[in-house]
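**Student:** Here are the chains, one letter per residue:
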Amino acid sequence: MNTKQEPQRFVIPIGPQHPALKEPGNFQFTVDGEIVTKAIVRLGYAHRGIEKAAEERTWIQDLYLIERVCGICSHIHALAYCLAVEQLAHVEAPPRAQAIRVLVAELERIHSHFLWMGVSGHEAGFDTFFMYSWRDRERVMNILEKLTGNRVNYSANVLGGVKFDLDQEQIASIRGGIDFLEERTRHYLDVVATDFMFLQRTRGIGVMSRAQAEIMGAVGPTARASNVARDVRKDAPYAAYKEYPVDIILDERGDLEARFEVRLKELFESFHLIRKILDTLPGGELTARMPRKVPAGEAVMRVEAPRGELLYFIRSNGSDKPERLKIRTPTICNLTSVVKLAIGHQLADVPMILAGIDPCFSCNDRSVQIRTSNDPDGRMLSWDELRQHGIDFYKRLEK
Amino acid sequence: MNWFFVLLSLMVFPGGLFLLAGGMAYEWVDRKMLAVFQNRAGPRWFQPLADTVKLLIKEEIIPDKVNEILFIGLPIAALAGGLTAALYVPVAGLTPVYSFPGDLIVTLYLLSLLTLCMGLAGANTLDRFSLIGATRTLTQVFSYEAPFLLAMLGPALVAGSWQISDINAYAGGHWLILTQPVGFIVAVIGFMGKLVMPPFDAPEAHTEIGAGALTEYSGRGLAFFHLAKAVELIVGLSLVSAFYLGGLANPLEFLVKTLALLFVLIGLQSLLTRMRIDQTVGMWWRYGTLVVLAQWLVIILVMRP
Chain A
1 MNTKQEPQRF
11 VIPIGPQHPA
21 LKEPGNFQFT
31 VDGEIVTKAI
41 VRLGYAHRGI
51 EKAAEERTWI
61 QDLYLIERVC
71 GICSHIHALA
81 YCLAVEQLAH
91 VEAPPRAQAI
101 RVLVAELERI
111 HSHFLWMGVS
121 GHEAGFDTFF
131 MYSWRDRERV
141 MNILEKLTGN
151 RVNYSANVLG
161 GVKFDLDQEQ
171 IASIRGGIDF
181 LEERTRHYLD
191 VVATDFMFLQ
201 RTRGIGVMSR
211 AQAEIMGAVG
221 PTARASNVAR
231 DVRKDAPYAA
241 YKEYPVDIIL
251 DERGDLEARF
261 EVRLKELFES
271 FHLIRKILDT
281 LPGGELTARM
291 PRKVPAGEAV
301 MRVEAPRGEL
311 LYFIRSNGSD
321 KPERLKIRTP
331 TICNLTSVVK
341 LAIGHQLADV
351 PMILAGIDPC
361 FSCNDRSVQI
371 RTSNDPDGRM
381 LSWDELRQHG
391 IDFYKRLEK
Chain B
400 MNWFFVLLSL
410 MVFPGGLFLL
420 AGGMAYEWVD
430 RKMLAVFQNR
440 AGPRWFQPLA
450 DTVKLLIKEE
460 IIPDKVNEIL
470 FIGLPIAALA
480 GGLTAALYVP
490 VAGLTPVYSF
500 PGDLIVTLYL
510 LSLLTLCMGL
520 AGANTLDRFS
530 LIGATRTLTQ
540 VFSYEAPFLL
550 AMLGPALVAG
560 SWQISDINAY
570 AGGHWLILTQ
580 PVGFIVAVIG
590 FMGKLVMPPF
600 DAPEAHTEIG
610 AGALTEYSGR
620 GLAFFHLAKA
630 VELIVGLSLV
640 SAFYLGGLAN
650 PLEFLVKTLA
660 LLFVLIGLQS
670 LLTRMRIDQT
680 VGMWWRYGTL
690 VVLAQWLVII
700 LVMRP
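Chains as they are written, first to last, in our numbering: chain A, 1 to 399; chain B, 400 to 704.
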């Protein structure tokens with residue numbers, strides 16, 4: 001322990017269980033009075049071994065597993081997986097299926113941004129904003145339920161297409177819901193851009209310059225609020241985004257206010273896109289025929305999740321199971337910016353800065369670090385060592 | 400039989416039980432209306448009572464390395480402070496039980512006791528959230544206490560007395576909210592700071608520091624602090640409405656005026672975002688104190704014969 005020489009530090013732990021976090025993560029903020037001087041992040045509390053588990057399941061079983069990587073953006077994970085597998089199998093989903101996939105993805109973006117908006121309002125101590133935005137979010141949840149039968153894990157995708165079709169009644173209900181949500185979004189945009197008390201907590205807080213955003217590899221709305229034009233829907237259109245292009249919303253201020261405005265303005269793009277899809281929904285089949293075994297090869301798929309770029313890497317060895325599946329979620333890219341930006345800010349701003357990237361922890365946990373009192377720095381275990389550790393652990397318990 | 404009535408006034412009415420019941424009723428109105436404004440269902444009418452009973456039954460865990468006497472004593476002192484203050488205030492629109500020249504100052508200090516006790520209770524434990532919460536609580540005291548005091552002394556100046564019952568009687572003929580609007584606003588906002596209501600809830604900001612100074616409290620101590628806050632709500636509301644809203648002459652007037660004031664507080668709570676502690680201090684010392692001092696100057700100049 002070399003901490004003895006240092007002056008005594010006052011460390012505020014946020015997490016793994018903390019009211020500011022809806023999922024487990026651990027942040028240690030060293031504070032001097034109210035000012036944060038050092039920040040450390042520690043992840044891994046919700047590691048579920050999904051990548052390893054995916055190797056043990058068939059391509060079709062994996063679809064159900066992948067949908068459960070994230071509770072908020074479940075559709076976009078399944079979509080990325082399907083697109084990557086279809087790429088490997090040289091199958092292309094029919095246009096109608098691709099359009100429906102984009103439709104659900106955009107509805108999901110709306111629900112995710114509304115959820116984020118409420119949580120951020122709560123972090124700022126503006127509970128009325130929280131309650132109202134979550135009430136309005138119910139509308140889009142109801143639309144998703146009406147479309148797919150589920151509120152959270154929509155299970156819209158199958159390999160080679162989608163599971164459900166749209167009828168006129170559903171289209172009408174989506175249109176009604178979108179009109180309502182657009183009006184509400186306009187109101188919320190007005191609130192976050194003009195409410196004096198709220199601006200006190202967002203304007204000029206957590207400013208990330210364009211250069212910083214590029215160095216730290218920020219993605220999604222967090223990067224776009226720092227004027228980095230990075231949007232996979234535009235850069236490498238997938239599914240039906242070629243036929244239904246979106247505009248990138250940029251802001252050059254890079255503070256929390258910009259992140260609020262970028263996300264809210266993105267919603268208008270989503271509303272616009274959904275209307276366009278409903279107007280010009282192509283006809284035809286919903287699924288293409290998919291082989292049970294996927295030819296050997298490697299595929300990389302990038303999609304734009306509500307939080308930013310989501311990357312899937314899949315390697316197939318020609319069997320009915322993937323050999324390797326690698327997922328990189330947007331939060332892990334944005335998390336470094338929190339640790340960097342928190343320094344120099346007040347402790348009261350930290351939950352807001354953290355919420356500003358829209359963190360989602362369980363989907364970015366990839367490893368568990370074991371720290372004991374004898375071994376405070378932790379150590380890495382190989383797969384065999386971990387297996388042996390488990391065997392020894394339970395043998396000790398039996399005694 | 401004089402001692403019997405003394406005991407009755409201290410223990411049952413208008414002190415003691417009546418205050419506790421009234422405080423919990425007002426707390427329920429606050430919680431319920433806030434919930435309605437926020438589009439929630441809100442608690443049932445007996446929820447504050449149920450919370451209190453539950454907390455009283457719960458085991459009180461005394462953490463390691465705290466001063467046990469302080470840990471147990473501070474909540475009691477806080478509650479006692481609120482209950483004592485009520486004796487000098489026209490709660491329920493009745494004449495105060497006790498009254499002497501200068502009781503306004505005593506009452507205001509008794510009302511500060513709650514915040515002080517909370518700050519000390521937080522500083523007494525070793526918990527990191529408690530310590531930050533205690534620092535914020537005490538910082539906040541120093542920001543709103545002086546302007547609040549000045550705002551409450553404005554009516555005293557024009558009434559020519561520092562006795563609450565005299566000011567109440569004077570205010571009965573004069574709606575001081577019209578002649579001293581600045582004082583009224585400062586008093587209302589200062590009172591919200593006193594009760595750590597949003598947007599001045601930085602000392603107990605859940606998303607930052609858990610429950611703030613009271614993080615280590617469970618059971619009886621927490622119940623006493625909550626009750627003290629409920630009592631202070633009713634006492635403070637009576638005081639502000641007695642001074643600024645045309646006095647409290649009978650129970651009906653009390654009910655109408657304090658509830659109207661409470662609705663204003665609830666509206667502010669639901670509309671505003673939490674302020675950081677530096678923003679709170681900045682607001683009070685940059686604007687609050689100055690405007691109230693300016694009003695003092697005006698009062699003194701106008702009153703000079």
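For the record, the hints were derived by calculation from the structure and aren't laboratory data. Hints should not be assumed to be uniformly reliable.
[Unchecked claim] In silico lysine-lysine, DSS-like type, Cα no more than 30 Å apart, as pairs:
1. A:K276 with A:K52
2. A:K38 with B:K453
3. B:K431 with A:K22
4. A:K276 with A:K146
5. B:K453 with A:K52
[Stated by the list, open to error] Label-pair distances were calculated between CB atoms; the ranges are:
6. B:V663 with A:R175: 36 to 44 Å
7. A:R186 with B:V680: 29 to 37 Å
8. A:V152 with B:Q446: 25 to 33 Å
9. B:S408 with A:A46: 56 to 64 Å
[Stated by the list, open to error] Derived contacts from chain B toward chain A, CB cut-off under 10 Å, selection only:
10. A424
11. W427
12. V428
13. D429
14. K431
15. L433
16. A434
17. T534
18. L594
19. P597
20. P598
21. Q668
22. R673
23. Q678
24. T688
These numbers come from a predicted model, not from an experiment. Ideal Cβ positions, reconstructed from N, Cα and C, are used throughout, including at glycine.
**Student:** State for each hint whether it applies.
**Tutor:** Evaluated hints:
1. A:K276 with A:K52: Violated. A:K276 to A:K52 sits at ~40 Å, over the 30 Å cutoff.
2. A:K38 with B:K453: 40 Å, violated
3. B:K431 with A:K22: 26 Å, holds
4. A:K276 with A:K146: Holds, at roughly 20 Å.
5. B:K453 with A:K52: 47 Å, violated
6. B:V663 with A:R175: 36 to 44 Å: 41 Å, holds
7. A:R186 with B:V680: 29 to 37 Å: 36 Å, holds
8. A:V152 with B:Q446: 25 to 33 Å: Hint holds: Cβ distance 31 Å, inside 25 to 33 Å.
9. B:S408 with A:A46: 56 to 64 Å: 58 Å, holds
10. A424: Nearest chain A Cβ about 23 Å off; hint violated.
11. W427: 18 Å, violated
12. V428: Violated, because the Cβ-Cβ distance from B:V428 to chain A comes to roughly 18 Å (cut-off 10 Å).
13. D429: 14 Å, violated
14. K431: 14 Å, violated
15. L433: 9 Å, holds
16. A434: 9 Å, holds
17. T534: Cβ of B:T534 sits 8 Å from chain A, so the hint holds.
18. L594: 15 Å, violated
19. P597: Given a least distance of 6 Å, the restraint on B:P597 holds.
20. P598: Status holds, d = 6 Å.
21. Q668: 9 Å, holds
22. R673: 2 Å, holds
23. Q678: 6 Å, holds
24. T688: 19 Å, violated
Consistency with the previously given hints fails for numbers 1, 2, 5, 10, 11, 12, 13, 14, 18, 24, ordered from lowest to highest.
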